[in-house]
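Colleague: Chain by chain, the residues:
Number of protein chains: 2
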Amino acid sequence: MSTLKYGIAIFPSKEIQDLANSYRKRYDPRYNKIPPHITLKERFEATKEEINDFTSELEKIAKEIEPFDIEIKKVSSFSPVTNTVYLKVEPNESLTTLNKRMNEGKLPKSQQFAFVPHITISQELSEDEHSDVYGSMRMLEFDLKDHIDRFQLLYQLEDGSWTVYETFKLGN
Amino acid sequence: MSTLKYGIAIFPSKEIQDLANSYRKRYDPRYNKIPPHITLKERFEATKEEINDFTSELEKIAKEIEPFDIEIKKVSSFSPVTNTVYLKVEPNESLTTLNKRMNEGKLPKSQQFAFVPHITISQELSEDEHSDVYGSMRMLEFDLKDHIDRFQLLYQLEDGSWTVYETFKLGN
Numbered sequence: 001m002s003t004l005k006y007g008i009a010i011f012p013s014k015e016i017q018d019l020a021n022s023y024r025k026r027y028d029p030r031y032n033k034i035p036p037h038i039t040l041k042e043r044f045e046a047t048k049e050e051i052n053d054f055t056s057e058l059e060k061i062a063k064e065i066e067p068f069d070i071e072i073k074k075v076s077s078f079s080p081v082t083n084t085v086y087l088k089v090e091p092n093e094s095l096t097t098l099n100k101r102m103n104e105g106k107l108p109k110s111q112q113f114a115f116v117p118h119i120t121i122s123q124e125l126s127e128d129e130h131s132d133v134y135g136s137m138r139m140l141e142f143d144l145k146d147h148i149d150r151f152q153l154l155y156q157l158e159d160g161s162w163t164v165y166e167t168f169k170l171g172n
Numbered sequence: 001m002s003t004l005k006y007g008i009a010i011f012p013s014k015e016i017q018d019l020a021n022s023y024r025k026r027y028d029p030r031y032n033k034i035p036p037h038i039t040l041k042e043r044f045e046a047t048k049e050e051i052n053d054f055t056s057e058l059e060k061i062a063k064e065i066e067p068f069d070i071e072i073k074k075v076s077s078f079s080p081v082t083n084t085v086y087l088k089v090e091p092n093e094s095l096t097t098l099n100k101r102m103n104e105g106k107l108p109k110s111q112q113f114a115f116v117p118h119i120t121i122s123q124e125l126s127e128d129e130h131s132d133v134y135g136s137m138r139m140l141e142f143d144l145k146d147h148i149d150r151f152q153l154l155y156q157l158e159d160g161s162w163t164v165y166e167t168f169k170l171g172n
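These protein sequences, in sequence, are chains E and Y.
When we follow this note's numbering, the leftmost residue of the first sequence carries the number 1, and every step to the right adds one.
When we follow this note's numbering, the leftmost residue of the second sequence carries the number 1, and every step to the right adds one.
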C-alpha cells in the first residue's frame, strides 16, 4: 500500500513567521516549501490506514496538553552538526512533552537527535556562508512571546513542499 | 485593532496536487505561496475576535455538509476576464453550497465573481504566453476523482504566502 510522508509542526504567530521569513528568504533554500515552524515530530511514513490510527492518538495527546506560552530571545546554530541557524525557543516543558508523546506508543519513533525546539531561519549554506550569517545574527536579542494553542499534521508533495492535513487544538 | 487576511480552501489529494504543481512550477508565479487548492471563499479581513466568531460558524457549516466526491476532466481558462488557466472541477452541489454558506449570515461577503470551482495552474502570464499555454493544454483529458472530507482556513503572511490556521471536517 502506498505511503505518504508526514510531519508535525507548530506555526507560530504571523509576527514571528514574518520575522523568520525576512531571514529565510535570503538564507534558507527551503523557504518556499513550508511556512516558518517549530517541528514537533520529524518526517515519518504512513499509509492512509495508519494515519487514521495516528490521528486518533494525536487527538488524545492534544487534549492532554493545555495551551501554553513560548519565548524567543536569541539566535543559535546547530553547527558543527549541521549548518542550521535558528530562532531558539526557550526550554519549554509542554513542547518537550508533546515531542516525547509523539514518538512513543502507537506513533512511530522519528526522532534523529535530541529535541531542541527551534524555528529554522538558515540552512544548507557553505561553511563560509554559515559563519557570515551566524556571525551577524548571534548578537541579536529578541523579546518575542507567543501563545500556542494548536499543532498541525502535514504531508509532503513530490516537489518537497508541505500541505496541512489536519489541525489539533490543545486542551479541552 | 489589527486584522489578518484570511481565505478558505480545499487541498485536493496529493496525486492531484502533484499534477497541478507540475504545471504551476512553470506557469504560476504564485506557485510557492500556497499548495494547489480549490478556493471556497475569497480573501477577507478579520480581527482575532471576529475570527473566533467566524470559526464557530464554519464549524456549523462543516457539519451541515457530508463528505463528497469531485471530478476533474479538463483544463479551462477565465480568459478574457483574467489569463488564469485551471483544472476545471465538474459542477458540484456540495461545493456550491459551501461557497454560498461562507458568504452569507455572520460571514463577510467576499465573492467577486460567480463561483466556478477550479484549481489554478497558470496565471499572470502575458496575452501571448497565455495563448500558448492554454493552447497546449485545452485538449488534455483527465479522469481524476477525489473524495473531499475537510476544508482549511488560512491566513496570509507579509510575503504573500499562506499558513493554515484551522481544519474543518465535513459531516458528523
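Among the hints, erroneous ones may be present.
Stated by the list, open to error - SDA-like, lysine to any residue: derived pairs with alpha carbons at most 20 Å apart:
(1) E/LYS169 x Y/SER56
(2) E/LYS14 x Y/ARG150
(3) E/LYS14 x Y/LYS169
(4) Y/LYS145 x Y/GLU71
(5) E/LYS48 x E/THR96
(6) E/LYS169 x Y/LYS100
(7) Y/LYS100 x Y/ARG150
(8) Y/LYS63 x E/TYR165
(9) Y/LYS33 x E/GLN156
(10) E/LYS33 x Y/LYS145
(11) Y/LYS25 x E/ASN99
(12) Y/LYS14 x E/LYS73
(13) Y/LYS60 x E/ASN172
(14) Y/LYS33 x E/SER22
(15) E/LYS33 x Y/GLU45
(16) Y/LYS14 x E/SER2
(17) Y/LYS14 x E/THR96
(18) E/LYS169 x Y/LYS14
(19) Y/LYS5 x E/MET137
(20) Y/LYS25 x E/LYS109
(21) E/LYS14 x Y/GLU71
(22) E/LYS5 x Y/ASN99
(23) E/LYS5 x E/PHE142
(24) Y/LYS14 x E/LYS109
(25) E/LYS169 x E/ASN83
(26) Y/LYS169 x Y/LYS88
(27) Y/LYS14 x E/GLU50
Please keep in mind that the hints were generated in silico from the structure rather than gathered at the bench.
Colleague: It remains to establish, for every hint, whether it holds in the given structure.
Modeller: Hint check results:
A distance of roughly 14 Å separates the Cα atoms of E/LYS169 and Y/SER56; the hinted pair therefore holds under the 20 Å criterion. The straight-line distance between the Cα atoms of E/LYS14 and Y/ARG150 is roughly 23 Å, outside the 20 Å bound, and the hint therefore fails. In summary, the hint linking E/LYS14 to Y/LYS169 is not supported, as the alpha carbons are separated by about 24 Å, beyond the 20 Å threshold. Taking the CA atoms of Y/LYS145 and Y/GLU71, the gap is near 5 Å; set against the 20 Å cutoff, the hint holds.
For the suggested pair E/LYS48 and E/THR96, the alpha carbons sit about 27 Å apart, so the restraint of at most 20 Å is broken. At roughly 27 Å between alpha-carbon atoms, E/LYS169 and Y/LYS100 are farther apart than 20 Å, so this suggested pair is violated. For the hint pairing Y/LYS100 with Y/ARG150, the CA-to-CA distance comes to about 16 Å; that is within 20 Å, so the pair holds. Restraint check: the Cα-Cα separation between Y/LYS63 and E/TYR165 comes to about 18 Å, which is no more than 20 Å; the hinted pair holds.
Restraint check: the Cα-Cα separation between Y/LYS33 and E/GLN156 comes to about 15 Å, which is no more than 20 Å; the hinted pair holds. Restraint check: the Cα-Cα separation between E/LYS33 and Y/LYS145 comes to about 26 Å, which exceeds 20 Å; the hinted pair is violated. Among the hinted pairs, Y/LYS25 with E/ASN99 is inconsistent with the structure: their alpha-carbon atoms are about 34 Å apart, more than 20 Å. Of the pairs offered as hints, the one joining Y/LYS14 and E/LYS73 is violated, with about 37 Å between alpha carbons and a cut-off of 20 Å exceeded.
Distance hint between Y/LYS60 and E/ASN172 is fulfilled; the C-alpha atoms sit about 19 Å from each other, no more than 20 Å. Restraint check for Y/LYS33 and E/SER22: satisfied, since their Cα atoms lie roughly 15 Å apart, inside the 20 Å limit. Restraint check for E/LYS33 and Y/GLU45: the C-alpha separation of about 25 Å exceeds 20 Å, so the hint is violated. Between Y/LYS14 and E/SER2 the CA atoms are separated by roughly 12 Å; this keeps the pair inside 20 Å, and the hint holds.
Pair hint Y/LYS14 plus E/THR96 does not hold up; C-alpha atoms about 31 Å apart against a cutoff of 20 Å. Between E/LYS169 and Y/LYS14, the direct Cα distance comes to roughly 24 Å. Violation of the 20 Å bound is thereby established for this hinted pair. Distance check on the hinted pair: Y/LYS5 and E/MET137 sit about 30 Å apart at the alpha-carbon level, beyond 20 Å; violated. With a CA separation close to 34 Å, the supplied pair Y/LYS25 and E/LYS109 exceeds the 20 Å bound.
Proximity of E/LYS14 to Y/GLU71 is assessed by CA-CA distance (about 35 Å); at most 20 Å being required, the pair is judged violated. Taking the CA atoms of E/LYS5 and Y/ASN99, the gap is about 31 Å. The hint is violated against a cut of 20 Å. Taking the CA atoms of E/LYS5 and E/PHE142, the gap is about 34 Å. The hint is violated against a cut of 20 Å. Between the alpha carbons of Y/LYS14 and E/LYS109 the distance comes to roughly 24 Å, so the proposed pair goes past 20 Å and is violated.
The suggested pairing of E/LYS169 with E/ASN83 is violated, with an alpha-carbon distance near 33 Å, which exceeds 20 Å. Restraint check for Y/LYS169 and Y/LYS88: not satisfied, since their Cα atoms lie roughly 23 Å apart, outside the 20 Å limit. Restraint check: the Cα-Cα separation between Y/LYS14 and E/GLU50 comes to about 17 Å, which is no more than 20 Å; the hinted pair holds.
Comparing the model with each numbered hint stated earlier shows that hints 2, 3, 5, 6, 10, 11, 12, 15, 17, 18, 19, 20, 21, 22, 23, 24, 25, 26 do not hold.
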